[in-house]
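Starting from the given sequences, assemble the full structure and let the hints guide the process.
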Amino acid sequence: MTTAVTVLYDTIRWEEKALLEAGKKKNIDLQMLDCKKLSLDLDSEVKDYGTILQRCVSYYRNLHSTAGLEGMGVNVINCLNTGIFAGNKLFTHMLLKKQKISTPFATVSFSKEAALESLEKHGYPQIIKPTIGSWGRMVSKINDTDSAEGIIESREKMYPIYQIHYLEEFVQRPPRDIRAIVVGDKVVAAIYRSSGNGSWKTNMALGGVAEKCAVSNEMEDICIKAKNAVQGQIVGVDLMESKDKGLVVHEINNTTEFKNTVRVCEVDIPSLMIDYAVESSK
Amino acid sequence: MTNCPECDANISIPSDAVEGEIVTCPDCGASYELVKTAEGFTLKPAQTVGEDWGQ
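Same order as they appear, the protein sequences are chains A and B.
Counting in my numbering, the first sequence runs from 1 upward without gaps.
Counting in my numbering, the second sequence runs from 1 upward without gaps.
These are computed hints drawn from the structure, not numbers from a lab.
A few of these clues could be false.
[Claimed, not checked] Residues from chain A shown here face chain B by an in silico Cβ test under 8 Å; the list is partial:
hint, residue
1, Ile12
2, Ser58
3, Ser134
[Claimed, not checked] Negatives, chain B to chain A, calculated, CB over 12 Å:
hint, residue
4, Ala17
5, Cys28
6, Ala30
7, Glu39
8, Thr42
All C-beta atoms, glycine included, are put in the ideal place defined by N, C-alpha and C.
What follows is the structure in structure tokens.
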């Protein structure tokens with residue numbers, strides 16, 4: 001029997017188990033492949049993977065395994081370009097702008113001095129984010145010059161990626177953001193994520209609370225454009241409700257988590273993902 | 001049911017467990033990855049959450 005779908009993972013979360021269950025329910029030949037056990041002969045024949053759903057939680061493992069497999073001719077969802085573009089907040093910002101999709105005002109500076117100058121020019125507060133990173137780690141709100149000097153000086157001693165000082169406006173918005181799950185050309189569900197502990201960060205990994213969000217035509221249109229901007233197929237689009245600009249996209253996730261979205265929206269996202277993967281291999 | 005290698009507390013393994021799944025000791029909080037063997041699942045210390053993890 002030929003494998004229809006391979007779920008490539010490095011740790012089994014709720015999402016990966018749900019994909020496995022969806023495959024069983026649909027009676028398709030689905031294999032689970034642990035990326036930590038994978039060794040690719042990059043110049044050899046392609047093995048029988050079918051379509052690969054890339055689910056590695058590690059950014060570098062995800063990106064490099066996609067590069068290897070896609071280069072060997074395997075259909076990987078999402079593709080390498082999506083991993084590169086969506087995995088980097090600066091790259092995403094530029095692609096969103098190019099497609100005229102509203103996104104928070106941002107600057108990038110390449111030294112401490114230039115970053116401080118930019119902060120003084122555009123005013124406080126601003127948000128500093130690593131261009132690569134997730135779960136809200138090392139994302140800080142800079143309220144004044146003193147905190148700016150401390151935070152940026154610390155980063156100057158870190159790995160070079162943290163010395164790319166990507167600064168974003170602190171968007172005036174309700175204390176929540178939106179995570180919309182896009183499968184192909186449809187937003188299948190969306191949730192509001194409210195910060196659970198009075199923090200301004202809304203990441204579920206930091207205790208954010210999920211509630212169902214109705215998908216408007218406007219939101220659907222923005223999310224599809226955002227997905228296309230990074231050449232994605234199955235993505236999670238993060239939006240904020242800016243008081244000045246309306247819906248703004250601030251992030252696109254190429255290996256999106258969807259446990260809380262399934263829980264509060266009661267939409268069978270894993271089955272929709274499997275259907276999409278099977279269809280895309282035809 | 002198996003025992004935590006760190007503190008010896010009982011760790012229950014879900015009936016629908018799959019290889020690679022992470023279980024956490026309810027007493028000491030240590031995390032383990034499930035490894036399938038002929039006798040069932042055994043535990044190995046889970047990889048620490050990496051700097052580059054998450055979405």
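Subject >> Numbered hints the structure breaks, given as an ascending list >> reply: Failing hint: just 4.
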